[in-house]
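Following the working numbering from start to finish, the sequence shown increments by one per residue and tops out at 387.
No lab work stands behind these hints: they were computed from the structure. Mixed in with the good hints there might be a few duds.
[As the list claims (entries may be wrong)] Only pairs whose alpha carbons sit at most 20 Å apart, straight line, appear in this in silico PhoX-like list of lysine-lysine:
1. Lys-326 to Lys-383
2. Lys-158 to Lys-326
3. Lys-366 to Lys-166
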Amino acid sequence: MIVSGTKRPNFLIGRLYRLRFAIAQALGMTIEVRSDAGRYRFRCRSYTEYKRAVTLLQKEEGTIRWLRDTLRPGDTFCDIGANIGLYSVFSGPLVGETGQILSFEPHAANALSLMQNIALNGLASRTKVISAALGDRNGFFDFNIIEATAGSAMSQLGRTLDGHERPFVPVLRECKAAFTLDHLVAEGVVPAPDVIKIDVDGNELLVLAGMRTLLTSAKRPRSVQVEVSHHYEAELDVFMDTHGYRVHDRHRTDIGLRKLARGADPVLIAHNAIYKPSAA
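Using the sequences provided together with the hints, build the complete structure.
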């Protein structure tokens, strides 16, 4: 559509376009996922969001089981790489009215959907959404967006290699604030979390490096789940062992299991590792 910048917009045409955008907005759908533990609602405006919502309980059954088994009423759950809020929303009933959810998501479209889904599930009063990145230092860095659609993944802070170490050309770029979790806890911005989930598409070690103090403190988290790639698996185990944590369990995503069934090399398939303090 081309318009003249010197003429006032036609009233009728303006009304028609207002109706058009209202219809487009209304075409988004709300998905309700039901389980024995509760009901979870997600507002979906893209097919990517829809796919994430409808597979909440199947995509990472191990993550769902870990959250159910680990979270307690009154806990603080830290969801690092929250995307549109699947696990933040799922954790709400588990931490209860006295608990708190810390949802970190630097991708602007994802963060907006995350906030809307938090509100849709009545969790706004116990959830803090932080649209900043976590890493091993504080500062401002290029956030390279691989896809602008809500629900997308693989955008990267300070680099243009995706989670599989493949180069990409950003469709958008933002100057993004990044912090260490240690800094945010020390400054009182967020409380020390009891349980942490980290899924940041290849930057997991940087995020962990930014919480060294937390991991060795008296208030260290009792369970940490990290997405693991073969690019840094051995280094990750050494890092966690050095900071007093051992592997408690490992589990694969639904996609990973299907790749295994097709004969893929297990070493090359990302998985989730659950770490607990060595003395636990």
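For this session: Could you tell me which of the numbered hints above are not met by this structure, giving the numbers in increasing order?
Result: Hint 2 is the one this structure does not satisfy, whereas the remaining hints hold.
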